[in-house]
Amino acid sequence: MTNCFEECNGNYLIYIIAVRDFVVKYKHKADNRGGKGRNMRAIQTFIAAVLVVVLAINLAAVGLVLTVRTTLMRLDFYDSVFQKSRFYGQIRQWLFSRVSTELPNGREAIPYLEEVLTENWLRQELLFFGRQLFMFLKAETEQLPIVPVYKMFEELDANMNDIPPAQREKLIDYWFGGVPERVRLQDIGWVEPFWLARELIGVFQRTVWLIFGGLILVVGLFALTLRNWKNTLVGLGAALAAAGGIIIEISLFLNWAIMNSESVRIWITGMGKQMFPQDAIESLLKYLLDGFLGKCYLIAFLFFVVGVLFIQFWSSGTRFKVIKGGFDNKK
Numbered sequence: 009m010t011n012c013f014e015e016c017n018g019n020y021l022i023y024i025i026a027v028r029d030f031v032v033k034y035k036h037k038a039d040n041r042g043g044k045g046r047n048m049r050a051i052q053t054f055i056a057a058v059l060v061v062v063l064a065i066n067l068a069a070v071g072l073v074l075t076v077r078t079t080l081m082r083l084d085f086y087d088s089v090f091q092k093s094r095f096y097g098q099i100r101q102w103l104f105s106r107v108s109t110e111l112p113n114g115r116e117a118i119p120y121l122e123e124v125l126t127e128n129w130l131r132q133e134l135l136f137f138g139r140q141l142f143m144f145l146k147a148e149t150e151q152l153p154i155v156p157v158y159k160m161f162e163e164l165d166a167n168m169n170d171i172p173p174a175q176r177e178k179l180i181d182y183w184f185g186g187v188p189e190r191v192r193l194q195d196i197g198w199v200e201p202f203w204l205a206r207e208l209i210g211v212f213q214r215t216v217w218l219i220f221g222g223l224i225l226v227v228g229l230f231a232l233t234l235r236n237w238k239n240t241l242v243g244l245g246a247a248l249a250a251a252g253g254i255i256i257e258i259s260l261f262l263n264w265a266i267m268n269s270e271s272v273r274i275w276i277t278g279m280g281k282q283m284f285p286q287d288a289i290e291s292l293l294k295y296l297l298d299g300f301l302g303k304c305y306l307i308a309f310l311f312f313v314v315g316v317l318f319i320q321f322w323s324s325g326t327r328f329k330v331i332k333g334g335f336d337n338k339k
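Numbering (this note's numbering), first residue to last: 9 to 339.
Please keep in mind that the hints were generated in silico from the structure rather than gathered at the bench.
Ranges between beta-carbon positions, derived for each pair:
1) Val211 / Gly97: 30 to 40 Å
2) Val211 / Asn167: 42 to 52 Å
3) Phe212 / Val61: 17 to 27 Å
4) Trp275 / Val314: 36 to 46 Å
In silico DSS-like cross-links for lysine-lysine, where the CA-CA straight-line distance does not exceed 25 Å:
5) Lys92 / Lys294
6) Lys281 / Lys92
7) Lys159 / Lys178
The beta carbon of each residue, even a glycine, is placed where N, CA and C say it ideally should be.
Let's have the full structure, built from the sequences with the hints guiding it.
Rendered as structure tokens:
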């Protein structure tokens with residue numbers, strides 16, 4: 009323990025000597041250059057400090073972009089959330105409720121629907137529908153997806169083994185009379201939110217290029233200002249660590265804002281009136297938010313760790329060089 013303490017004190021002593029030698033040398037050079045040299049150094053330091061702040065904000069934006077692209081813009085993210093929150097089962101029960109209450113003869117079809125509309129079958133169909141919807145939102149197609157109700161009818165027909173084939177179609181028509189085989193989203197609700205989401209995704213995609221272009225520009229200006237690749241890496245490390253902190257602050261604010269939003273509460277209540285259990289909607293929202301914020305925290309942590317490593321490694325290398333030079337000069 010004593011040896012460790014003495015070693016630490018020795019390291020601090022060497023560091024103090026190195027800093028003293030560096031300051032003396034820099035002051036001597038600045039004095040030789042005169043007032044103009046000192047003013048230029050001050051301006052250079054100020055510009056570098058401003059660029060570190062700008063770089064930290066830009067890197068935080070990059071982190072948020074990575075979070076969005078790996079969560080909200082990926083179908084497998086929603087699939088994972090639906091499975092964790094058991095929302096496929098909730099959708100299944102919701103469909104049974106709608107058939108029983110809104111179709112005059114729908115209650116008689118429930119025993120057969122329970123065998124056909126399994127959670128796995130429903131998941132596969134929703135994933136297929138989700139792929140079509142993502143193609144529209146990413147402007148890969150101009151048509152909104154159609155809900156293929158006919159697939160449920162075909163599945164029912166294939167599994168009604170206790171009923172003669174000739175009577176199956178008539179019985180399905182009797183249960184689901186008036187329900188079209190293909191349902192357009194325009195026929196069951198507003199489509200403006202989908203078009204708005206499509207426009208927002210387009211803006212997001214263009215903004216991504218601006219953010220990465222701005223990042224390259226700021227890093228280039230930073231390197232030109234310092235004119236020292238080691239100091240540039242130390243500054244980049246500081247910006248990365250600061251960006252991690254910014255991302256965490258934004259994540260905490262988003263969590264607070266969403267969980268305390270009156271609009272979100274109204275939406276949850278409205279979904280409850282559509283025969284969706286309110287606790288199921290709250291659970292789904294919680295898993296969605298946890299998944300998104302969890303990715304935010306992970307990226308923020310990686311930024312912070314990489315930033316600290318940059319600072320520690322390159323600062324240590326600079327100190328060693330200064331120390332070595334200082335002792336060499338003394339010799």
